[in-house]
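So you can see what is in the structure, the chains are spelled out below.
There are 2 protein chains.
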Amino acid sequence: MSRFYIGVDIGGTEVKTALVDENDKAVFAQNIPTESEKGYVHTINMIANQIKGLLDENNVSISMVNSIGIGIPGLTDGKSKIYKAPNISWVDIDISTEMDRHFPNTKVFIANDASVAALAEHHFGAIKGAKNAVMITLGTGVGGGVIINDKLYSGTNGIASEIGHLIVGENFYNCNCGNNGCLETYCSATAIIKYAQRLFVDSPCSKIIEMTDSKPENITAKLIFDAYKEKDLMAKIIVKRFVTYLSIGIINLMNVYDPEVFVIGGGVSKAYDLFIDELEKEVDERLTFKNAPRGKIVKAKLGNDAGAIGAAMLGLYI
Amino acid sequence: MSRFYIGVDIGGTEVKTALVDENDKAVFAQNIPTESEKGYVHTINMIANQIKGLLDENNVSISMVNSIGIGIPGLTDGKSKIYKAPNISWVDIDISTEMDRHFPNTKVFIANDASVAALAEHHFGAIKGAKNAVMITLGTGVGGGVIINDKLYSGTNGIASEIGHLIVGENFYNCNCGNNGCLETYCSATAIIKYAQRLFVDSPCSKIIEMTDSKPENITAKLIFDAYKEKDLMAKIIVKRFVTYLSIGIINLMNVYDPEVFVIGGGVSKAYDLFIDELEKEVDERLTFKNAPRGKIVKAKLGNDAGAIGAAMLGLYI
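The listed protein sequences correspond, in order, to chains A and B.
So for the first sequence, our numbering puts the first residue at 1; every next one is plus one.
So for the second sequence, our numbering puts the first residue at 1; every next one is plus one.
Some clues are possibly wrong.
[Stated by the list, open to error] Below, computed lysine-lysine pairings styled on DSS-like, alpha-carbon distance capped at 25 Å: (1) Lys281/A with Lys84/B; (2) Lys79/A with Lys270/B; (3) Lys296/A with Lys296/B; (4) Lys290/A with Lys79/B; (5) Lys229/B with Lys79/A; (6) Lys151/B with Lys128/B; (7) Lys290/B with Lys131/A; (8) Lys128/B with Lys270/B; (9) Lys290/A with Lys81/B; (10) Lys131/A with Lys131/B; (11) Lys236/B with Lys131/A; (12) Lys79/B with Lys194/B; (13) Lys107/B with Lys79/A; (14) Lys151/B with Lys131/A; (15) Lys81/A with Lys290/B; (16) Lys236/B with Lys281/B; (17) Lys128/A with Lys236/B; (18) Lys296/A with Lys79/B; (19) Lys296/B with Lys131/A; (20) Lys128/A with Lys194/A; (21) Lys131/B with Lys290/B; (22) Lys240/A with Lys194/A; (23) Lys81/A with Lys301/B; (24) Lys38/A with Lys25/A; (25) Lys229/B with Lys131/B; (26) Lys128/A with Lys301/A; (27) Lys290/B with Lys270/B.
Don't read these hints as lab results, they were simulated from the structure.
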């Protein structure tokens, strides 16, 4: 009997669900709103209905499903518990128990969104075949997904791969976690915007002033990279700082995980072609051991569907 | 037929060799000088003789030996090559090929000294039974040994666990590796001495001035901790800085490896009881996720023999 894998990607605003067969063919349900403000039981109930509908439409019975994998925008223990998912305001909840009420005989796995993105890239995308690989997602925050010996590595308590919170320096503002100098305060889209806003008043001649209608609140990471493309000096300073700290982050990850390959995804990776040459250069300059080989750096291949498909892959990778 | 494991601990000045039986009973050869100035072929020849003598004395034939494990004070590819071992001036040499000339039918494994110390602690010592564990050795430098899923993790190119080169801030002097802000420039014995020497001239009332006969070159890490015990203000400042950065290092390692337990060894760990309370406090203050459990911190149990015994364990852990 053929086997199926279900993947659920819970985002801040929408939930995407995929049914993946053993030949890696995926079909998707219609997205539903997360509606996290109505509480997690409501969201889980809707997800359960979405899954049941998707199974019915495809004539698959739940007994043919190997496992349900769930990707969430936050921290989990890798088993059943969500410690914290700020964007959807879930704190200390037990998602697996709730899922068990709907699917009592089906295994449920949970992981953070960067980890499931890493699984999708490992199964179908840019890091396929790599025994050890690290995904770095540069978005609102900085996330990580780590493959060790062809399996997802999430550590003892599920917090391994929280690479956005590597402390790498001293910064002018604190991270949401309370610490100062976290990688995500240098390399996320948010970090790029905050640093640009800090430079704003002192850079009256920058194109960025015009592009934002002189309003610092209009700054986006995309706008900074657009100005960078046009050789704007302020944008150069901002991108230089982003690249410097991303290279430090990669050096640190090399010295702990030593992967075959780093894959860069997330919204900021849309500007990959603009920063990769500088990044390679700075990584090489900072190599701890100049005569040892190093992991290569590649761009993520998969788009929006990676979350749901990667979540489905949890059944194969845990 | 019973099986044996040979372990060789190559230090800066001496080589210690152990023969471990399958009941974990170890016997040692008489230490020999490393004599690295005579070249690595000379040293390997002497080690081979040492091993042969140890086998003869114990009536063990080489065919009963499962493997020979070698711990070196430097960076290896985990297979056969030593990239760099500064204390013994070995660069880009192939140690396994040389060993094969003496023991053509015996497997040879190599790893850095902190990794083999971690294996000894995992097999006999403070981290026994931990599925995921991280050893931090605080000595002349800062080294790391990482156990993931009960195996030694050394990454794709052997440089995983080079935790002394995690970049964690901006420091007043550069690391030997060329980078600025490496963990070992804050938390090694060398780092403690360098920072003390920097404070020396501005602290005329410190006990340390008297203890060193007013000579900054007489400062040792032990002396600083002795002064700390006597509540000397300068020593307090130095130990505070050491603890702060060690806590940052541990937070970073939590966010990537998330081990069940951290074990602290190396010369500086002799002062463990003096700094552990402050360290626990600072680690808790810096926890990225306050509601997630964290790995505990313990002191290494094994002494000088851990290197050779741990090297012997490479045959079990790779």
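Here is what the structure says about each hint:
Note on Lys281/A and Lys84/B: the hinted pairing holds, with a Cα-Cα distance of about 23 Å set against a maximum of 25 Å. Proposed proximity of Lys79/A and Lys270/B is contradicted: the alpha carbons are some 38 Å apart, above 25 Å. With a C-alpha separation of about 34 Å, the suggested pairing of Lys296/A with Lys296/B is violated against the 25 Å cut-off. In summary, the hint linking Lys290/A to Lys79/B is supported, as the alpha carbons are separated by about 18 Å, within the 25 Å threshold.
A C-alpha spacing of about 45 Å is found between Lys229/B and Lys79/A, which places the hinted pair above 25 Å, so the restraint is violated. Taking the CA atoms of Lys151/B and Lys128/B, the gap is near 12 Å; set against the 25 Å cutoff, the hint holds. Between Lys290/B and Lys131/A the alpha-carbon distance is near 32 Å, which puts this suggested pair outside the 25 Å criterion. Pair hint Lys128/B plus Lys270/B holds up; C-alpha atoms about 20 Å apart against a cutoff of 25 Å.
Distance restraint check for Lys290/A and Lys81/B: the Cα-Cα separation of roughly 15 Å lies within the 25 Å cut-off, and the hinted pair is therefore satisfied. Distance hint between Lys131/A and Lys131/B is fulfilled; the C-alpha atoms sit about 20 Å from each other, no more than 25 Å. Distance check on the hinted pair: Lys236/B and Lys131/A sit about 46 Å apart at the alpha-carbon level, beyond 25 Å; violated. At roughly 35 Å between alpha-carbon atoms, Lys79/B and Lys194/B are farther apart than 25 Å, so this suggested pair is violated.
Between Lys107/B and Lys79/A the CA atoms are separated by roughly 39 Å; this puts the pair beyond 25 Å, and the hint is violated. As the CA atoms of Lys151/B and Lys131/A are separated by approximately 15 Å, the hinted pair is consistent with the 25 Å bound. Distance hint between Lys81/A and Lys290/B is fulfilled; the C-alpha atoms sit about 15 Å from each other, no more than 25 Å. Simply put, Lys236/B and Lys281/B have alpha-carbon atoms about 16 Å apart, close enough for the 25 Å limit, and the pair holds.
For a cut-off of 25 Å, the pair hint linking Lys128/A to Lys236/B is broken: about 51 Å separates their Cα positions. For the suggested pair Lys296/A and Lys79/B, the alpha carbons sit about 20 Å apart, so the restraint of at most 25 Å is met. Note on Lys296/B and Lys131/A: the hinted pairing is violated, with a Cα-Cα distance of about 29 Å set against a maximum of 25 Å. For a cut-off of 25 Å, the pair hint linking Lys128/A to Lys194/A is broken: about 35 Å separates their Cα positions.
For a cut-off of 25 Å, the pair hint linking Lys131/B to Lys290/B stands: about 23 Å separates their Cα positions. Annotation: proposed proximity of Lys240/A to Lys194/A holds, straight-line Cα distance about 15 Å (limit 25 Å). At most 25 Å may separate the alpha-carbon atoms for a hinted pair to count; Lys81/A and Lys301/B exceed this at roughly 34 Å. Taking the CA atoms of Lys38/A and Lys25/A, the gap is near 33 Å; set against the 25 Å cutoff, the hint is violated.
Between the alpha carbons of Lys229/B and Lys131/B the distance comes to roughly 36 Å, so the proposed pair goes past 25 Å and is violated. Using a Cα cut-off of 25 Å, the hinted pair Lys128/A and Lys301/A holds, with the two alpha carbons roughly 11 Å apart. With a C-alpha separation of about 30 Å, the suggested pair Lys290/B and Lys270/B falls outside the 25 Å cut-off, and the hint is violated.
Hints 2, 3, 5, 7, 11, 12, 13, 17, 19, 20, 23, 24, 25, 27, counting from the list given before, are not met by this structure.
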